[in-house]
Amino acid sequence: MEVRPALQTRTRTPSSKTSPRSATRRRINRLGLLLVAPSALVIAVLVLFPSIRSVIGSFQRYELTDPNRAFNGVQNYASVLADSDFQQSIRNTAGYFVVVTVCVIIIGIVIALWLHSLHGILRAVALTVIVLPWAVPGTVSGVLWSFILNPTGAGLLNSLLKSLHLIGSYQAWLNTPVVGIVVIATTVAWSATPLGVIILLAGLEGIPLELYEQSLIDGANRIKQFTSITLPLLRPAIAIVLLNGAVLSIGLFDQVYVLVGLDPSSVTIAGQMYLYAFRDFNFGFGFAASVIATLITAAISLVYLKLVYREEEY
Amino acid sequence: MRKRVGFGPGWGSLRVIIGVLIAVWSLVPIYWGIVIAFATPADLLRTPVSLLPQSFTLDNFARLLNGAGLSQSFYMALASSVIQAVGTTLLTLLLALPAAYAFARLTFRGSTLLLAVITVTLAVPVYLVLIPLFQLETSSGLINTQQGVIVVLTSAALPLAIWILRSHIVTLPEDLESAARLDGAGTFVLMWRIIGPLVAPGIVAAAVVTFLASWGAFLIPLVYAGTPTTEPLTVLIPALVGKYSSDYGLQAAAGLIAVVPPVLLVILLQRNLLSGLLKGASR
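Residue numbers (this note's numbering), protein chains in the order written: chain A, 756 to 1069; chain B, 213 to 495.
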């Protein structure tokens, strides 16, 4: 058994040959690496190396019949970017992003403000109800919404709107261009709102009450308070929600798969990547599409991070 | 008494209306799934539909749980879901706890770099590694096995779990550990006995986030576990309409069963979970 209290930097081991400090240093180094090694290994083998493999693969030619993987420069990228299906998937992704984030931010702020005004058991119950959609798996959420959006009179939405005389005939919501994207995005917003609420609520709770008290003295009303205090100070939280919405929209798969199937007219970039790889078995295109999607995500993340940090300078 | 600022007259009734709208938004899809799961086939064909349940039958659940052929697929998928989600959660915590402790408490050579790398991998989307991991799983024989799915799900959940746990351990007072160490506790004893209970909200948050993600995972099991013996509920349920039948009652019943474990978890652990997540979100 080695010396026990070796972790403490203040341990006094008088007149030893090596300096006690450096011995401790070495032990901490060894212990730290030992504790981190298993996680680091898993992440290296299953996340880092595969990511690098994807980048390399995106510059190689893949043919099912030809095992030779010759480098072909940016050919995969050029073909993918010129593919009308891929271009459509970018437009779809942009559509999902706009609708999902607008819904999550508006609904999220309303819910967070409402929750913020509650306390005690009422708040706990309300929070549980609000968080529930988050616990529903994506495909199950898709199934639940398919019952509501059913194109026949058996669909809840069609039935309700018809009895209210808002529509003349039953609508195939999901199979109408643009409308389909908006409707699917709304169902995704249903799943994504709880996390948005949690982030926005944390932001709200970080705003000092004195600011509101001061503005009351200055004669500000509720709307003025919201636009001049709440909204500006919520900006970092809103930026995180936006970023989250972008990542979610690019990678969106489950709900689209269940509600409309993997049709090029409605898939996101990630969905199109899946089609290249596991429908066409064209891994080269799949690699290129996955790298493009990752680069877009990274670019958006950098822009948001920049915005958030600039905000905090004030 | 907490002072609320700026709520004038009329706020009371507005607050109730907003509350009702929020409840409708959050609960209607789940409510409607419940109505369909307990409805008879005749009710499902009735148009226009009625908002309140017209009949009550357990027939859909009976066919799912006792029906020939179908129930076998359902039980296999249920077992796969449990194995994959529980396996992933346990493995993730086992790996993440020591790492999070080291990152929070020890400054060792390379710790800053390693933490930075792990933080970056938080942002690696699953589709970027989808094909290489498919090739790796195929060549190593892990494809279409429960272990194969668990490893991939773990690698996806690990960075966030480490991050959540680390941000909790950092906030603990260091005096506590020094005191325990003076009493002769080794690092591992320290981790499990002293730090463990104090980071409970963090562990709960990390465990629940991991469980929810792996229980709800779809793309990963779709690609790596698409066989009847390994596909989880999330893969089976969309296939229920079309593959076995076209009746929605059955699909709704299966969907409800799949929703029970995560929903129970969130309700039971709500307090711990949300305080754990809010703590993570606010730093």
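Just so you know, the hints here were simulated from the structure itself, not pulled from any lab data. One thing to keep in mind: the hints can contain errors.
Claimed, not checked - The following label-pair restraints were derived from C-beta to C-beta distances:
#: 1; chain 1: A; residue 1: 960; chain 2: B; residue 2: 395; range: 31 to 39 Å
#: 2; chain 1: B; residue 1: 388; chain 2: A; residue 2: 979; range: 40 to 48 Å
#: 3; chain 1: A; residue 1: 977; chain 2: B; residue 2: 328; range: 25 to 33 Å
#: 4; chain 1: B; residue 1: 274; chain 2: A; residue 2: 861; range: 39 to 47 Å
#: 5; chain 1: A; residue 1: 868; chain 2: B; residue 2: 284; range: 46 to 54 Å
#: 6; chain 1: A; residue 1: 977; chain 2: B; residue 2: 254; range: 49 to 57 Å
#: 7; chain 1: A; residue 1: 961; chain 2: B; residue 2: 240; range: 28 to 36 Å
#: 8; chain 1: A; residue 1: 777; chain 2: B; residue 2: 328; range: 19 to 27 Å
#: 9; chain 1: B; residue 1: 271; chain 2: A; residue 2: 861; range: 35 to 43 Å
#: 10; chain 1: A; residue 1: 840; chain 2: B; residue 2: 404; range: 51 to 59 Å
#: 11; chain 1: B; residue 1: 322; chain 2: A; residue 2: 861; range: 22 to 30 Å
To be verified - A few chain B positions that, by computed beta-carbon distances, are all more than 10 Å from chain A:
#: 12; residue: 259
#: 13; residue: 268
#: 14; residue: 270
#: 15; residue: 281
#: 16; residue: 284
#: 17; residue: 294
#: 18; residue: 341
#: 19; residue: 353
#: 20; residue: 356
#: 21; residue: 358
#: 22; residue: 359
#: 23; residue: 379
#: 24; residue: 385
#: 25; residue: 404
#: 26; residue: 408
#: 27; residue: 416
Stated by the list, open to error - Chain A stretches covered by chain B per the calculated footprint, using a threshold of three residues with CB under 8 Å from any CB of chain B:
#: 28; stretch: 828–835
#: 29; stretch: 863–870
Quick reminder that beta carbons are idealized off the backbone N, C-alpha and C, glycines included.
Against the structure, the hints come out as follows:
no.	hint	result
1	A:960 x B:395: 31 to 39 Å	holds (38 Å)
2	B:388 x A:979: 40 to 48 Å	holds (47 Å)
3	A:977 x B:328: 25 to 33 Å	violated (43 Å)
4	B:274 x A:861: 39 to 47 Å	holds (43 Å)
5	A:868 x B:284: 46 to 54 Å	holds (50 Å)
6	A:977 x B:254: 49 to 57 Å	holds (52 Å)
7	A:961 x B:240: 28 to 36 Å	holds (32 Å)
8	A:777 x B:328: 19 to 27 Å	holds (26 Å)
9	B:271 x A:861: 35 to 43 Å	holds (41 Å)
10	A:840 x B:404: 51 to 59 Å	holds (53 Å)
11	B:322 x A:861: 22 to 30 Å	violated (45 Å)
12	259	violated (3 Å)
13	268	holds (17 Å)
14	270	holds (19 Å)
15	281	holds (21 Å)
16	284	holds (21 Å)
17	294	holds (14 Å)
18	341	violated (4 Å)
19	353	holds (16 Å)
20	356	holds (14 Å)
21	358	holds (16 Å)
22	359	holds (13 Å)
23	379	holds (13 Å)
24	385	holds (16 Å)
25	404	holds (13 Å)
26	408	holds (15 Å)
27	416	holds (14 Å)
28	828–835	violated (count 0)
29	863–870	holds (count 3)
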